[in-house]
Amino acid sequence: MTAEESTARRLCWIYPDRGTAAQRTMEHEAVWDQYRAVAEDLGLEMSLHAPEEVAIDARDPRDPRFYLRGERITPEDTILVTHFYTLPHQAADVCNQATLYAGLEEGGFYLPIPPRIAFIGRDKLATMLFLADSPVPTVPTVRIGSGRSAMSGHYDVAFQGLDYPLIVKPAYWGMGLGVSVVSNIHDLRGVIGLAGGSDTALVVQPYLGQVREGRIFVIDGKPHTILQGEKEGYCMVSTRALGGRHKRQYVDSLEELDGAVAYAASRLRTPYFTLDFLHDGERYWISEIEPDGAVGFSQDAQQAQTGYRIVHDRFQAYLRGHREWIAARERR
1 MTAEESTARR
11 LCWIYPDRGT
21 AAQRTMEHEA
31 VWDQYRAVAE
41 DLGLEMSLHA
51 PEEVAIDARD
61 PRDPRFYLRG
71 ERITPEDTIL
81 VTHFYTLPHQ
91 AADVCNQATL
101 YAGLEEGGFY
111 LPIPPRIAFI
121 GRDKLATMLF
131 LADSPVPTVP
141 TVRIGSGRSA
151 MSGHYDVAFQ
161 GLDYPLIVKP
171 AYWGMGLGVS
181 VVSNIHDLRG
191 VIGLAGGSDT
201 ALVVQPYLGQ
211 VREGRIFVID
221 GKPHTILQGE
231 KEGYCMVSTR
241 ALGGRHKRQY
251 VDSLEELDGA
261 VAYAASRLRT
271 PYFTLDFLHD
281 GERYWISEIE
291 PDGAVGFSQD
301 AQQAQTGYRI
311 VHDRFQAYLR
321 GHREWIAARE
331 RR
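Numbering (UniProt numbering), first residue to last: 1 to 332.
What the hints contain is simulated information worked out from the structure, not anything from laboratory work.
Honestly, I wouldn't trust all of these hints.
[Claimed, not checked] Have a look at the derived ranges for each label pair, beta carbon to beta carbon:
#, residue 1, residue 2, range
1, Leu129, Ala30, 28 to 34 Å
2, Met151, Ala30, 37 to 43 Å
3, Met151, His49, 38 to 44 Å
Beta carbons: idealized from backbone N, C-alpha and C, even for Gly.
Let the hints inform the model, and build the full structure from the sequences given.
What follows is the structure, encoded as structure tokens:
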């Protein structure tokens with residue numbers, strides 16, 4: 001599949017740009033510049049756009065017109081990547097993202113991450129419910145709100161039967177931000193109180209100790225590549241941006257998780273997603289799905305080549321999906 005076999009010429013991420021200069025530099029060097037290079041090899045122009053850069057003229061709702069930074073776009077020539085980005089500094093954009101995506105979907109655009117899947121993939125508890133029948137179990141999870149009543153203890157009933165220590169983390173953040181371990185109810189209430197300062201919902205999960213973690217890159221419903229890592233020392237997350245370190249390697253298969261991949265793919269029906277897992281020394285656990293799971297490009301040449309191949313095949317899957325979407329629309 002090449003860009004010539006699809007009418008799409010643009011691949012656009014709707015992505016709120018509220019990071020600091022240092023954050024933007026890091027993101028572009030680690031992800032976006034690499035993605036642009038892959039897109040260019042496929043004949044696509046890739047760009048990032050804040051939600052407010054989209055304008056929609058629906059005076060004739062049967063023939064709406066869409067503009068991106070003042071330039072006309074159509075479902076035929078543009079693929080829009082519409083995940084929810086919900087880090088603390090992006091909170092102001094969440095409502096605009098949600099309502100905009102509904103308009104884009106109703107306007108006939110091919111969205112490889114439909115809004116419903118974006119919601120499910122963003123919230124850790126929703127993910128666990130969505131994958132309830134997975135042949136590989138999901139990490140047991142309790143979700144609570146925080147806010148002004150955070151210290152009332154109304155959530156205590158949900159914690160009955162949980163053994164400490166526990167992992168506590170924001171329900172819809174990413175990059176390992178806010179991940180904590182608590183040893184008793186007093187520690188837990190302290191973290192809940194802090195989260196209440198930003199009205200952030202939390203999930204509580206068993207602490208599985210020094211786990212081996214991994215990410216399965218799934219393209220067109222099949223496991224494509226697997227990234228495995230082992231955390232070094234006492235670090236809660238292996239995200240380098242937060243000071244974590246881990247050993248990492250790409251492998252081609254992990255048969256024990258094939259059933260979980262097939263199940264998740266049958267439910268998501270998206271051209272690309274990542275399935276994150278943990279191994280506690282005895283068994284595997286499914287920990288997360290990411291409809292827009294990023295590929296980190298390593299300075300190691302072989303790993304960088306693998307990263308290129310993942311992104312290349314992901315974008316090709318988007319082109320196939322776009323072609324099928326347009327063909328199905330024309331048949332209706």
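Structure-based check of each hint:
no., hint, in the structure
1, Leu129 to Ala30: 28 to 34 Å, "holds, 32 Å"
2, Met151 to Ala30: 37 to 43 Å, "holds, 39 Å"
3, Met151 to His49: 38 to 44 Å, "holds, 40 Å"
Comparing the model with each numbered hint stated earlier shows that all of them hold.
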